[in-house]
Amino acid sequence: MAGSRLPQWRRISQILFLVLFLALLVSTSLHSMIGTTSDIHVRGPVRLFFEWDPLVALTNALATRALYRGLLWSLVILLPTLFLGRFFCGWICPMGTLQHFVGNMPSEAKRGKQRIEANRYKRWQTIKYVVLIAGLVAAFFGSMAIGWLDPFSLLVRSIGLAILPALNFAVHAVLTPLENSHIAAIKATGGTIHALLQFLVLDLAQAHFAQGLVLGILFVAILAASLRITRLWCRSICPLGALLGAVSRWSVLGLHKDAESCDKCNRCLLHCQGGDDPIGGAPWRKAECLMCMNCVGSCPHGSLEFRFFRPVIEKNKEVASPDLGRRRTLTGLAAGAVVVPLMRANTGMGKSRNEKLLRPPGALDEPDFLSRCIRCGECMKVCPNNSLQPTLGQAGLEGLWTPTLVPRIGYCEPSCVLCSEVCPTGAIWQITPKEKGWVVDVGQQNQPIRLGTAFYDRGRCLPWAMAIDCIVCEEWCPVSPKAIYVEEAQVIDSAGNTKTLKQPRVDPSRCVGCGACEYACPLQDHPAVYVTSIGESRSPSSQILLNRK
Amino acid sequence: MDGEAGTASEKNTKPPVPHMTRRDAMLQLLRLGGVAAGAAGAGVWLSEHSLRPVPAQAEQARRDHRIAADAKLPQITVVQGGEPRALVQQALENLGGIRRFVSRQDVVVLKPNIAWDRTPEQAANTNPEVVAEVVRQCWQAGAKRVIVTDVSCNEPRRCFQRSGIQAAARAEGAEVILPDPELFREVDMGGVVLKSWPIFKPFLEADKIFNLPIAKHHGLVGATLGMKNWYGILGGERNRLHQQIHQSLADLASFMLPTVTLMDCYRVLLRNGPTGGNLEDVTLKKTMVAGTDPVAIDAYVAKAYWDLDPERLPYLQMAAARGLGTVDFAALGVKTSQLE
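Residue numbers (my numbering), protein chains in the order written: chain X, 1 to 549; chain H, 550 to 889.
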């Protein structure tokens, strides 16, 4: 019964990596650093799992013909996979672990015989390879649409933008009545739990994200599918799993089946995670195996064992490569090749950019941005002002779930560069507060990064339209000298009295498009000052001024 | 009668239909009756409680934190030519010492300006050393708690950190409280334009309140001084206050009656306030203006650095008219100390 303890070790590994993943996700936020007034940086290796992700690295390399900082670390996963197979999927991947956990829950639809049948290899498991091929081809043509399906993008986007904010709300909904209780014991208990959760997972303020409901439901649906078919997502869609499966073709570790002692009791199939036919008599599907070791652990006869360097005869009896076929390969190639031109022929990127598409500071010009952004939501999770939101249509269909600044929700904090620090692919290139140039070292010869330009709606602005004092926008304008300047004007109010007040104007050569004016404007529903993307420094063509300082 | 009525006489007939006993029927009726009565009762009770929702009742929470006047001591003092801690020390000494303001077991709340994500050199927030020195002295006077807090404009964690105030105050042992959105209470401010506003709780639960503003330029008013610092006790949509800023400031000054005001003029932001950022707009004045007359202090600083007379600052006139102090600081006799 050699190796029968392996599933337990695997379980420990899965739990540790899941906890690590969640801890990194939760700490992807602004943390104060005691004892310093210096710049604020992200604490801890919050990009770790993305840097480990060979799919992100490979697509990033295909799309940019280079590898962004840190992505070389993906070799830490890729190289061992070459030797050992898809251990990553079974032992490390938190998305796999969550499905594994849900898949083990008792389910009416997955019992005994049904479960055994569901765990036999199915031809539809090759869909993921088609997805992978299409994603790689699309990346080559400059679109990182694969980010919609990368498991870490999926996880951070779903948990960071939907599950955690929902948890935040639920915790407050439950604890606030407790904390307001007149009974001291209940009040104290509520307060203690609140303080503990605040320390562990909650943010200072409730975050809100566009499409949080959609992202949350998609995520729950993917997990719930495991109740019916174990790891349906891993087996059928996950492009990272497909990549690792393809790479594991040559691995030297494999499943040894002892045909003589196997009595086809099906116990191995009951617990198989990958759907790779570990049972005697059927060919083992090497590319599908997640190395979870459940088959070894559950075999009552010791007929199954993972061995290094097995004889060629044994290897001849199994299927090492993805069971793809020429037709499906071509389907993937064609899908990838067709989808990018189709998307680019759409409106959105060329002459019809959405005026409200404000990219975060450090973001590259739109084509370069889309060839890098994997829609992981790290930037949105870390933004302390909740300003960055996943797009729905603002960036075209191709840009679905990429980040956009919504000043009405939150403006861009002048010396903050956290989004550029967490971006794993360089869609938001890492910048320093000095490079951002809004406050730090103003007056030096640096060019500030501009997100857009502010404009006044004089029909709504209080001093312009209604003879009422205001200029909160001028107060908040963070650059110095201020981009909003005022002119004293004589106006007549409704009673016919002459009144002197200050009317605001924008100097586009100073405006950096941070959106603080729009955020602070008292006309909350439809601000009288608003930022549009014209003048954003990332785009040489989207400019107003002939000669901008 | 038997409960098992209709016992099959033959095999393979229909299965026996179990009949209910009278006892079971009665019990079932009782149960249903109970549920029905409960539902009806609950329904009536709930319908009686159907009241149109009204906003939370604003509470009366105004407190006077001032101390008794002392004819022997100045109501306004100006200290010049020292480092921040020395300025605080001399200013408090001129005003009679910290023990005049803080009694043993007092809960003291310090209200520096921590509004913006700026460093001390940029002079948009109160100097952290000023705050730290006041914290230290409050402990010396036997305070029970010393709390440092503000409701920032920019992201509070950034403001508290980059202002240096969080670190400096904690180093002296103060409690630094960030503006948690849940720690606000709706308060009846009783003002002319400020009626019901959410106020940050620590300001409502203090025995003594120190106003620690920084003097800065301000586009709308000309200068943001001591009374403008009370914006930082408010939550809600304070961007509406600009529409009647002088009346708002007078209302705030009537509501918040501080124990003492220590205005940081160590570095003064002369232009592009109140946010600033450009060091060219900051000038080193190495000064502190302090006292127990908040109107006189604002009037003095407005005149000294921006040459603004009280006529240009209607809120000072309003506050004076309400008996909160005098704009005529010269008449009070400013006690001046030169440190270097």
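Note that these hints are calculated values from the structure, not bench results.
No experiment lies behind these values; they were computed from the predicted model shown.
Heads up, some of the hints might be wrong.
Label-pair distances were calculated between CB atoms; the ranges are [stated by the list, open to error]:
{"id": "1", "chain 1": "X", "residue 1": "LYS434", "chain 2": "H", "residue 2": "ARG611", "range": "24 to 32 Å"}
{"id": "2", "chain 1": "H", "residue 1": "ASP573", "chain 2": "X", "residue 2": "LYS113", "range": "38 to 46 Å"}
{"id": "3", "chain 1": "H", "residue 1": "ALA620", "chain 2": "X", "residue 2": "ALA489", "range": "56 to 64 Å"}
{"id": "4", "chain 1": "H", "residue 1": "GLY691", "chain 2": "X", "residue 2": "ILE183", "range": "32 to 40 Å"}
{"id": "5", "chain 1": "H", "residue 1": "GLN609", "chain 2": "X", "residue 2": "ILE15", "range": "31 to 39 Å"}
{"id": "6", "chain 1": "H", "residue 1": "GLN606", "chain 2": "X", "residue 2": "LEU178", "range": "33 to 41 Å"}
{"id": "7", "chain 1": "H", "residue 1": "ALA574", "chain 2": "X", "residue 2": "ASP263", "range": "56 to 64 Å"}
{"id": "8", "chain 1": "X", "residue 1": "ALA170", "chain 2": "H", "residue 2": "ALA620", "range": "54 to 62 Å"}
{"id": "9", "chain 1": "H", "residue 1": "GLY722", "chain 2": "X", "residue 2": "ALA221", "range": "48 to 56 Å"}
We put the beta carbon where it would ideally sit given N, CA and C, even for glycine.
Status of each hint after checking the structure:
In this structure, LYS434(X) and ARG611(H) break the distance hint of 24 to 32 Å, their C-beta atoms being roughly 46 Å apart. About 42 Å separates the C-beta atoms of ASP573(H) and LYS113(X), a value consistent with the hinted range of 38 to 46 Å. Take ALA620(H) and ALA489(X): their Cβ atoms lie about 48 Å apart, and the range 56 to 64 Å is violated. One distance hint, 32 to 40 Å for the beta-carbon pair GLY691(H) and ILE183(X), holds here, with the actual separation near 33 Å.
A C-beta distance of roughly 54 Å is found between GLN609(H) and ILE15(X), which places it outside the suggested range of 31 to 39 Å. In this structure the hint that GLN606(H) and LEU178(X) lie 33 to 41 Å apart at CB is violated, the actual value being about 22 Å. The given range of 56 to 64 Å is respected by ALA574(H) and ASP263(X), whose C-beta atoms sit roughly 58 Å from each other. Evaluation of the 54 to 62 Å hint for ALA170(X) and ALA620(H) yields a pass: the beta carbon distance comes to about 60 Å.
Separated by about 52 Å at the C-beta atoms, GLY722(H) and ALA221(X) satisfy the suggested range of 48 to 56 Å.
Comparing the model with each numbered hint stated earlier shows that hints 1, 3, 5 and 6 do not hold.
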